[in-house]
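Protein chains in written order, with numbering that gives the first Met the number 0: chain A, 0 to 212; chain B, 0 to 117; chain C, 0 to 300; chain D, 0 to 1034.
Everything labelled a hint here was simulated from the structure, so no lab data went into it. Because the structure is a prediction, the values reported are computed rather than measured. Don't take each hint at face value.
[What the hints assert, rightly or not] Just some of the chain C residues that point at chain D, by a computed CB distance under 10 Å: (1) Thr113; (2) Gln158; (3) Pro274; (4) Arg277.
Every residue gets a Cβ at the ideal spot worked out from N, C-alpha and C, and that includes glycine.
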Amino acid sequence: MRDELQKRVVKGPDGVEFEVEPLKDYYCEAPPAEHPPAYLKIVEDLFNWARSQSLWILGFGTGCGAIEMRPLMTPRFDAYRYGVQWRPTPRQSNLFIISGYLSVKTLKRVIRSYEQMQNPKYVVGLGSCTINGGMYWDSYNTIKRLDDYLPVDLYIAGCMPRPEALLAGFETLKHIIREGKAEGANLYARNFDWYKANQKKVIHDWDMPDYNW
Amino acid sequence: MAHIALATGFLLFLIGLYGALTNRNLLRMIVAFTVADAGINVVIVAVGHMRGRTAPILDGAVPAAEAASRIIDPVPQALVLTAIVIGVGITALMLAYAYKLYEARRSLDIGKFMELKW
Amino acid sequence: MDFDWMKIPYALLTLFIVVNYGMLQNALIAKIGARVGRRRGIPIWQNYADLIKNYSIRSSITHGVMYYLGPVFRLSGGVGLLLFVPSLYGSEMFSNLSFAGDLILALYFIFFGTLGMALGAAESGHPYAAIGITRGLQQVSAAELPMALAVFSVALQYQTLSVTEIVAAQQGGFQNWTLFTNPLAVAAAMLSFLGSMMRPPFDVVLAPQEIPIGPPTEYHSSYLALMQTNRAIFPIAKIVIYMNLFFGGATIWPEFFLKVFLIYMVSVLVGVVHPRFRVEQSIRWFLVWAVPIGILSIVLV
Amino acid sequence: MVSPLVLIAAPLAGAFLLGLVRCPRAALAVTLATLGLAAAAAGWWVWQLGWAGAEAVEVFTAGTPPPFAIALRMGLPEAALTLVITLTGLLSALHMQDNLAETGHRAMAVLLVAVMAYCGIVLTRDLFNLFVFFELAAIATAGLILLSADARALGAGFKYLVVSQVISALLLIGIIFTYHATGTLYLDGIAAAAAKPALAFFLVFIAIAAELKPFPANGWALDVYESSHPAFSALISAAAGAASLYAADKLLTVGGPAWLPAATAIGIVTFVAGNLLALPQGNDRRLLGYSSVAQIGLVLAVAGQRDVLGEHYHFVAFGLLASHAVAKAGLFWLSGMVAERGLAAWAALRARPPLIFAFATFVAMLAGLPPFPGFYAKWELVRVLAAEGRLVLLGLILFGALLEAGYLFRWFGFALKREPSGEGLACAPSKGIPVLAAVLAAWGLAWQWGDASAQANLLLGLPLLFALAFVLLDWLPAWVKNTLAIAGLAAWFALTLGQYDPLRLIFAVIMLAGGAVTLLASYHAHGRRIGFYPSAMLMYAGLAQLILAADTFSFFAAWEILTVGSYFLILRGRHSEPHALSYIVFSLGGAFLILAGFAVAADGAASFAVADLATLAAPVAPWVFLMLAIGFMTKTASIGLHVWLPGAHAEAETDVSPMVSGILLKAGLFGLAVLLLAMGRQKLGGIDLTLAMLWIGAASALLGNLMAIFQEDAKRLLAYSSIGQMGYALFGLAMMNHLGWLMALMFVINHYIYKSMLFLAVGGVAKRTGTRDMYRMGGLINLMPLSFISVLVGIIAMSGVPPLSGFGGRWIFYNALLTAESRLPMILIFFSGPIAFLYLFRLIHTIFLGQLKDEHRRVKEAPFWLMVPQMIYVVLLIAFALVPGVALRQVDGHLGGLLPAGGLSWDGLTITSDFGYWNPVAIMVIVGIIFTTLFLWLVFVNRRAQKVKQFNIVFAAERPFRPETTHFAWNFFAPYRKALGFLVQPVATGFWNGISGGLHAGADFTRRLYTGNAQTYAVHLLVFVVAVHLFMTGM
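With the hints as extra help, turn the sequences into a complete structure.
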C-alpha cells in the first residue's frame, strides 16, 4: 500500500489534530450492488435494443490487440454504422474490449476502469491471450484467463483476430444483449468476493479500495 | 571718524565671522565670535556718533537744557551696553559648552561632533 | 395578469419539434461528415438509440448536489433559450414565451446553462473538468465580443431590442436581410458563431485526446441523457437567434429547418478543414480578426 | 486686573526665588506654581479679551510712552500665545519633573527664564527688546538642551549657539541701522516712519525668519529636536515656534506688504521641504523636528498671505498654529513615554488604548482633518487663495500637506501594526497628564474653531457626536456597542427619511440601512473590540452627513470624516498597514483636489451650495469639474487611481471588507452623481470630459475584471472585481442619459448587496480555513453549504445571468447604450462582461468545488452572525430580482425631471423601454418551472444514484494521488495571461511607486545637506540670507 493511502495525522486550521484515513475518507466504501432489469419486460426489451445499438467502447487499448481496433474507425470497416463508438471515459462507456494479453500491471488499471463503468456493462476478450494466455502462457506477469478476473461476455479468438472478426463479434454481442443475457455487471456484483480474491492473488501491490466507484 | 569706525566695525565683524566659519577648533571659533561681537558693538556705537557732539553725559559740561543739540544719540550707547552683556553671557555659555564637549570627547575639533545629521 | 394558457402546449410543441429535428440534424451532420470521409456513418436514428441507452443505464453515481443539478441547469438553459425567442415569425403559435423578455434576455440566458454545467462538472472534483471549463470560459469570453458588437450594431440599425421587430424589419425579400443590409455585423457574428459551436478549430474545450472530453468527463447515464437532449436543442436555439437577427427569420417550419441547417453547416464546413487552436491562439484570433469587423460594424451602422 | 507684566515678572521672581530654595521638591513646586500662575494670568487675559469684551492694553514700562520706554502689548493674539507658551511650559515642566529635580533649581530657573523670554517676545513692541528676549531665549535654550540624557545633545547645543551667534549679529546690525534711519525702536513708530531702511530692515527680518528655522538654514534645529529632552523639544516646537512666528508677524506688520512675498516664499519652501525631508526619517523626534519646521513654515506662508486673508488672517494662522502647537507638544510628550527612538517603537503605545487615541488625535490634528482647527483654517485658506488666483501656492500647500499626512499616517500605522519591542512604556502620571491635557486642548480647540468658524460647527453634527461617543463607550462589550451602533444607524435613517430625494434615498438606504445590516456580522466578534466602533461609526457619520450635505463645506467635511473613519477601520486588518497607508494617501490626495475644486468654484464666497456648481461657467467650470471628478474617482478606484483598493479591501477584517467595499465605494459614486447632476457636460481643451470619464469607466471595467481573474487570493479577487464594477457604474453615470443613470443606480444597489455578501462569505471561509489563497481551499461545499449558497447567488447575480437581479442591470445597460452618443468605449465594456464570468467561476470553483483538502476535512460552517446578513442579502437579491420597481421606479421618475427622455415604463409586471421589454416575474416563473420539471425528471430516473467520495473519479485508469495535486486551481487562467497578460502589467502601481520612490530618494539625497557640522549650518544660514535677498531684490 502506497504511503499516501496510509492513515495520517493532520492539523486543522483551528490547530486541532485529527486523523485522515484516505481509503475511508476519499473513497466510497460501498460494495457494488446488483441492479435488476426493468420491471416490465417490454421496457427491458426496448432498453436492450437501445443498449445493443449503442455500444460505446472504452478507448483503452490494454495490449497489442488494440491495433486491430483502429481500422474499425476507417472507411474500410466503419463500425460506426453498427452503432459502435469509442468514448474516452469509462463513465460513459458500456463496452470494455480487453485487447490482447493483459499484464498484471495493466490488470489493475483494467479492473479500476471496469468498476468505474456503469451497469450494464460488457466485456469482450479479444484474442487468444485473454482465453488461455496464448503465446504468453508461461509468462510470469501476464494473466492467463480473463474470466477469472472480470465477467467476460464474449471472446473473439485469434492471434490477432481481424477487424472483420471484431465486427462479427459485435453482432454476436448485440444478440446476447438483446436476449438479456449480458448481465456481467450483476454477475460481478454477485460474485464480488470471488473476483476480488482472484484479483488480489495476482496483484501484489494492491493500492486502491476494493471497489473503484 | 564715524566712517572709519563703521568700516573698522564691519571689518572686525567679517574677520570674526570668517574666523568662526573656518576654524575647526571650538575655542578659536568662540574667540572669533567675540571678535565679531566686538565689531558689531563698534558699529553700533559708530552709528550713534554725530559729528562735533560730545558724550551723552549730563554733567556740568553739558547742561540738560542744551543736551538735545550737544550730545550724540544716547540710545545706541545704551544698546551697546546691553549687547555687550548678552555677548558676554553667550560667550560664557559657549565656553561652558566647549568645556563639556572637551570633557566628553577629549577633543575640541568641531568636526568631531557631527553624529547628529540628516 | 391575464396569461394565455395555450402558450404552454404551444411551447411544448415547439420543444418537441426542435428536439426531434435537433437529434436528426445532429445525426445527419455526422453522416455528412462520414460521407466526406467515405464512410457510411451512423444510422440517422443513432441519437435516439444513444439517448434511450443512456436513460436505460441502471446504475449511476453522484458527486454531490451541484453535480446532480449541473445537467438540469444545462438543459433548462437550452429549453429556456429556445422558448424565450420566437421560433417562427408571424406565428402566434410558435412565438413561444418571448413575452418575458427581449434579445438581451436571450443573450444572457445563454450563460445560464453554461454556468450551471460548469458548477456541476466542477463539483465532480475531476481536474479535466475544471481545465475544460476554464478553457471554455476563456475562449468564449473572447468569442462573445464580436457577437455582442454585432448584436449592438443590429439593435442600433433597427432601433429595437425586440427579436420580433428585428425580424419584421427584414421581411419582404432576402435583400432586406441583415446579411445584406449590415454585412459587417453578420460577418463578425458568424466568426463569433464559429467559436461557440465547439467545433474545430475552437474545440479545445472538449479536446478528446488531451483532457478526455473535458467538463462532462464524469457524467454518465441519465445525466448524460439530459445533456444529450440539450445537445439537440441548444445549438438550434442559438442558431435561431442568429437566424432571426441576420437571416430574416423564418415564417414556416421548412424555412426554419433549412436556415438552421445551413447556418449550422457553416461551422461544420470550417471545422472539418481546420486543426485545433490553443486557447490563447483563439483569443488572439477573435481579437485580431473578428473584433475589428465588429467595431467597424458599430461605427458604420 | 492682572497686569501683563506678571507674565514677565512672575517667572523672573520665581527664578530668583529658586536661588533661595535648596530642596529639589520644593524648587519644583515653586517652578510649577510660578508657571501655573503665569498660565492663569494668560488665561485670565484670554478670557477677558476673548469673551468678556475687554480691549487690548499697552503697557509702558517706564511710565512714559515710546520711544522713551519699552512698550508691551496685550491683545487677544498675545494673550492666546502667552497662554500656549505658559501652558506648554507648565506641562513640559510636569513632564520632565524628574530631570528637573535631578538637575536642581538652576535648571528650573533656566526653564522659567525661557518661558519668560518667549512671553517677552510675544508681548514686546520694542525692536531692541525683541532682540534681548531672543538672546535670553537662546541662552535659556542652550542651557535647557543640557537637560537631555542624550550625550549628543551637547554637540547640538553648540551648533545652536554658533548659529544663534550669527543670527544675533545680523539682528543687531539690522536693528541699529533701522534705528539710525527711523530714530525709534518702537515697532509702531518704525511702521509709521516715512523712510524705511530696506537693507537694515531686511537684516532684522531675515534674522527673525532664521529663528523660524527655514529651509535650508535649519540643520541645527533638527539636531536640537532630535537630541534634547522631548518635553523641552515640545517647548521649543510649540512655545518658541509660536513666539518667533508672532515676532515675524509683528515685523511683517511693520514692514508692510512689500515683505509678504518673501515671507510666503520662505514659508512655503520650508513647508514643502520640511515635509519632504521628513519622509525618510527613522527617528521619531527628528521626524517631529522636520514636521515642526514644516508647520512653522506653513504658518509663515500664511502670514505672508495676510494681505488677501484680511479678516480671516487670525482665524487661519492661529488655527494652524494652535493645531501645530498642541499636536506637536503632545507628540513630543508622547515620545518621552516611548523608550526607543525608531518609529516602529511607538507600537509600545498599544498597551494603553487612550494613548493610541491621543496619537490618533494628534496625527489627525496635524494633518488638518476635521473637526480640528487646522481643518477650518485650511478650508478658509484654500478658499481665499483660490479666489485670489494664487494657485501655485495653493498647490504647494496641498502637496506639502499630503506629504505630511503620508509620513504621519505611515507612522501611525507602524504604531498600530508593528510588533512592540522589548522596551515598554513610561507611564508615570507626570508623563501622562500633559498628553491628556493636550488631547483635551485639541478637542477644546476643535470646538472653539468650529464655533468661531463662519461654517457649521462640525462638533454639533449629531452623527459625528454619536461616533465620538463610542470613544467613551469603548469599555463596553462589543455586542452592546454593536447593538447601539445598529440602533443609531437605524434611528438616524428613520429621523432623516423625509429629507432625501429619491436619488439620495437610494444612497441613504445603502449607507445607513445597509450599513446596519452589514453590522449584524459584527456580532460574531467577542470581547471589546477596542477601536472598532469609533472608527466604523466615524465612517458612517461621514456617510450620513455626506448625503445630507447641502453646501461644499459640510460636503467636504463629511468626505474627510468618512475617509478618516474608513482608514482607521481598514488599518485594523492584520496585514493592512501598507494598504491602509496607500488608502489614506490616495484618499487625502483626492480630497485635496476636491477641496481645491470647491475653493475655485466658490470664488471667495463664504458659503457655496453644492447645487450652485451648476452656475459655474467656462473657463473655471471645466477645471472645477476636472478636480472634483478626479477626487471622486480616487474613491471609486478608477483605473490608474486604483492601486490602493485591492490591498485595502483584501486585508481588512472580515466584517470590514463589506463596509469598505459594499458601502464606502458608493460615496465616490454619490460624489460623481452630485457633480454630474450639477455640472453636466464640460469641455476642456476641446475634450468632452464626460467622454473621458466614459473611457475611464470602460477601462476600469475591463482592466479591473482582467486583473481579478489572475488573483490567487479570494479577497483580492473580489477587490479587483470592485474596481471593474465601479467602472461600470462610472460608465453609466458618464453616459449622461436617463437609462445610464438608472443602470448606475442599479449597479449601486446590486454591488452593495452582492459584494457585501461575497466578502462576508469569503471572509467566513477564510476565517475557518485560515487562508485566503483559493488554491489552498477546495471542496468546501458540503462543509459550508450556506456560504456556498450565498456565493452561488452572488455570482449569478453579479454575472448578470437571468433570473437574478444582475440581469436587470445588464438589460438597462444595453438600453442605455442604444441612446449613448459615443460607441467606441462600449467595446471595452462588452469585453469586460464575459471576463467577469472567469473570475466568478474561479471564486466558486476553487473554494467550494473540486477537491477537499486534508486539513479542511473538519471545518465548520462560518460563524452564525456572519451568515445572518448573508442570508438577508440572498433574500434581498431575489426580491430585488423579482420586483426591481420597488427601488427603481421612484428614481426613474426622479431622473425624468433631471435628465429628460428615455425613461422606462413600468406597466404591470413588464418593464418597457424605447427599445425592448422585460418581465422579471415571468422570467423567474418560467425558469423556475422548467428547472423544477427537469429536476424532478432527473430525480425520477436517477433516484438510485450512489453517492461517492472525492477520489472516486476516472483518472485515466489511475487514481488521484493527493487532493492538493488533484485540485486544479492555481494559475487558473494561464492561457489568458499568455494572450492578454500584457494588459495587466502593473503600470499604475509602477508609476505611483516611482513617484513615491522618487520623492523618498530625492528627500534622502537632499537631507545629506545637513552634514552635522556647525559651520556648515552657519554657511547654510548665510546662503539662505543671500538667497532671500536676491529673491527680494530680483522681484
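Against the structure, the hints:
Checking Thr113 of chain C against chain D by beta carbon gives a least distance of about 8 Å; that is within 10 Å, so the hint holds. Interface hint at Gln158 of chain C: satisfied, since its Cβ lies 7 Å from the closest Cβ of chain D, which is below the 10 Å cut-off. Given the 10 Å rule on beta carbons, the hint for Pro274 of chain C is violated: about 17 Å separates it from the nearest Cβ of chain D. Interface restraint check: Arg277 of chain C against chain D, minimum CB-CB distance 7 Å, threshold 10 Å, status holds.
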